[in-house]
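Peer 1: One letter stands for each residue in the lines below.
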Amino acid sequence: MTAEEILNSLKAKFGDAVVESKLDAPQPWIVINPARMKDIALFLRDDPATQFDYMMCLSGVDYNNGKLGIVYHLFSMVHRHKIVLKAFCTKEQPHIQSVSSVWATANWHEREAFDMYGIVLDEHPDLRRILLPYDWEGHPLRKDYKVPEFYNGMKVPY
Amino acid sequence: MGLLDQRFENGNVFVTSLENLLNWARLSSLYQMQFGLACCAIEMMAASASDFDIMRFGIIPRATPRQADVMFVAGTVTLKMASRIKRLYDQMAEPRYIISMGSCANCGGPYWEHGYHVLKGVDRVIPVDVFVPGCPPRPEALLEGIIKLQEKVRKESLVKKSA
Amino acid sequence: MLTEFGKVLIFLIIGALFVAAGLLVAWLLRPRRPYPGKVAPYECGEEPVGDAWIRFNVRFYVVALIFLIFDVEVVFLFPWALVYRDLGLFGFLEMAVFLGILLVGFAYVWVKGDLDWDKPRPILPQINRRQDLQVEPEKKNAEVPVAN
Numbered sequence: 000m001t002a003e004e005i006l007n008s009l010k011a012k013f014g015d016a017v018v019e020s021k022l023d024a025p026q027p028w029i030v031i032n033p034a035r036m037k038d039i040a041l042f043l044r045d046d047p048a049t050q051f052d053y054m055m056c057l058s059g060v061d062y063n064n065g066k067l068g069i070v071y072h073l074f075s076m077v078h079r080h081k082i083v084l085k086a087f088c089t090k091e092q093p094h095i096q097s098v099s100s101v102w103a104t105a106n107w108h109e110r111e112a113f114d115m116y117g118i119v120l121d122e123h124p125d126l127r128r129i130l131l132p133y134d135w136e137g138h139p140l141r142k143d144y145k146v147p148e149f150y151n152g153m154k155v156p157y
Numbered sequence: 000m001g002l003l004d005q006r007f008e009n010g011n012v013f014v015t016s017l018e019n020l021l022n023w024a025r026l027s028s029l030y031q032m033q034f035g036l037a038c039c040a041i042e043m044m045a046a047s048a049s050d051f052d053i054m055r056f057g058i059i060p061r062a063t064p065r066q067a068d069v070m071f072v073a074g075t076v077t078l079k080m081a082s083r084i085k086r087l088y089d090q091m092a093e094p095r096y097i098i099s100m101g102s103c104a105n106c107g108g109p110y111w112e113h114g115y116h117v118l119k120g121v122d123r124v125i126p127v128d129v130f131v132p133g134c135p136p137r138p139e140a141l142l143e144g145i146i147k148l149q150e151k152v153r154k155e156s157l158v159k160k161s162a
Numbered sequence: 000m001l002t003e004f005g006k007v008l009i010f011l012i013i014g015a016l017f018v019a020a021g022l023l024v025a026w027l028l029r030p031r032r033p034y035p036g037k038v039a040p041y042e043c044g045e046e047p048v049g050d051a052w053i054r055f056n057v058r059f060y061v062v063a064l065i066f067l068i069f070d071v072e073v074v075f076l077f078p079w080a081l082v083y084r085d086l087g088l089f090g091f092l093e094m095a096v097f098l099g100i101l102l103v104g105f106a107y108v109w110v111k112g113d114l115d116w117d118k119p120r121p122i123l124p125q126i127n128r129r130q131d132l133q134v135e136p137e138k139k140n141a142e143v144p145v146a147n
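Protein chains in written order, with numbering that gives the first Met the number 0: chain A, 0 to 157; chain B, 0 to 162; chain C, 0 to 147.
Treat the hints as calculated values from the structure; they're not laboratory data. Do not take every clue at face value.
SDA-like, lysine to any residue: derived pairs with alpha carbons at most 20 Å apart [as the list claims (entries may be wrong)]:
no., chain 1, residue 1, chain 2, residue 2
1, B, LYS79, A, GLU148
2, C, LYS37, B, GLU93
3, B, LYS79, A, CYS88
4, B, LYS85, C, LYS37
5, B, LYS85, C, LEU28
6, C, LYS37, B, SER16
If we strip away everything but chain A, and leave its shape as in the complex, we get:
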């Protein structure tokens, strides 16, 4: 299936959850409403025409204008096609629905997105920090992050 066919089948089934898309990019992407991520992911995984059974990557992004987002790279082992999904949220309302019940690998990827960007994944079974210590304050990969002076008595900057 081409990206346009995937977009059309998504629009036919979900209509308003598909916000925008850019199909002439080197990796064509589709923007999804963050509160509907799980339904769309379930459809993309289970529909026989798309069958995206492999989530290659899930990355958090800070777009430097108050907008945060998550980018999903999906691949189908059966049909050998790829698509990129994006979901945006703001720093004041950083909520995106979790897809860890659809693809098991998303569990740790979403924990990393939470750890580094502060994006809260709703319905995630185990949302806690994965890379940084549990009592760390702040989300480092945000563009406005300031390095703390001390952590547990140890001086952090050089």
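Please arrange chains B and C on chain A, whose structure you already have, making use of the hints.
Peer 2: Relative to chain A, chains B and C alone:
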């Protein structure tokens, strides 16, 4: 305190002979607690392998800090790991020595400027005896660090240190 | 002047003194500076949590018990083997009866499954996936198209 450790006011020929014996015994059998954290661990393994062989210096890897004399901190020390290193250093038995291997353990290494999660040098949490520079240091550099530590052990004394 | 057993006693005493002397010299020479961080239990650098006595599978106890019984049997075999030549056929038959009784016990332990070591059955994770979706055979060797 042991009965003889640092109890003497001034040395005599028996004390110096005993010191020589003890120091020789200690430097010839520095059991290491290998603490390979990152890429320097590979060079530590290379130094332990047949070409450079630290076992001929009497350095045998032990898994636990209780049986170890020297700890090679080899690799980047993150803030998450630093509390564990402190605890493990506390659990080593005297006489204990630390060799800080590689730039990351010496001073934070390539992460000195932007590494928010890196401890800029393991000597911020534990006292280090020998710093081995390099990124990563070649096995010969680690061997030189070990020899420098052996020279430091050779100069230790049972006589009480007076101010 | 000294019996054979006396010589063994001297040997034992010297052995014990040897060990004690080594420990005494070590106690004299080693530094002893305990503080709470040093004497805390070792847990790979973490704060120690929980008890050091943990539950383990009962098969270790069963194997140890079976070993003990057959080890005692072997202990009985040693002096019998030393005087076997003097005992003749009677000694052979008596030991055969003894071993036969223990052989019945061995067979019972075997059939009961107490000697099986590999018992754990791994539980594989259940992944909710539609079972009717299959790989189409002709797609396996096709080129990898890029969706565009």
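Peer 1: Can you confirm whether the C-alpha distance between LYS85(B) and LYS37(C) stays at or below 20 Å?
Peer 2: Roughly 11 Å separates the two Cα atoms, so the pair holds.
Peer 1: Sort out whether LEU28(C) lies within 20 Å of LYS85(B), counting only the CA atoms.
Peer 2: Outside the cut-off at roughly 26 Å; violated.
Peer 1: Could you grab the alpha-carbon distance between LYS37(C) and SER16(B) and see if it respects the 20 Å cut-off?
Peer 2: Given that 20 Å is the threshold and the Cα spacing comes to 30 Å, the pair is violated.
Peer 1: Hey, LYS79(B) versus GLU148(A), does the alpha-carbon distance stay inside 20 Å?
Peer 2: It holds: about 15 Å lies between the C-alpha atoms, which stays within 20 Å.
Peer 1: Holds or violated: LYS37(C) and GLU93(B), Cα atoms, limit 20 Å.
Peer 2: 10 Å, holds
Peer 1: Below or equal to 20 Å on CA atoms is what counts here, so check LYS79(B) against CYS88(A).
Peer 2: Violated - the C-alpha atoms of CYS88(A) and LYS79(B) are around 30 Å apart, more than 20 Å.
In the structure shown, a violation is registered for the earlier hints numbered 3, 5, 6, in ascending order.
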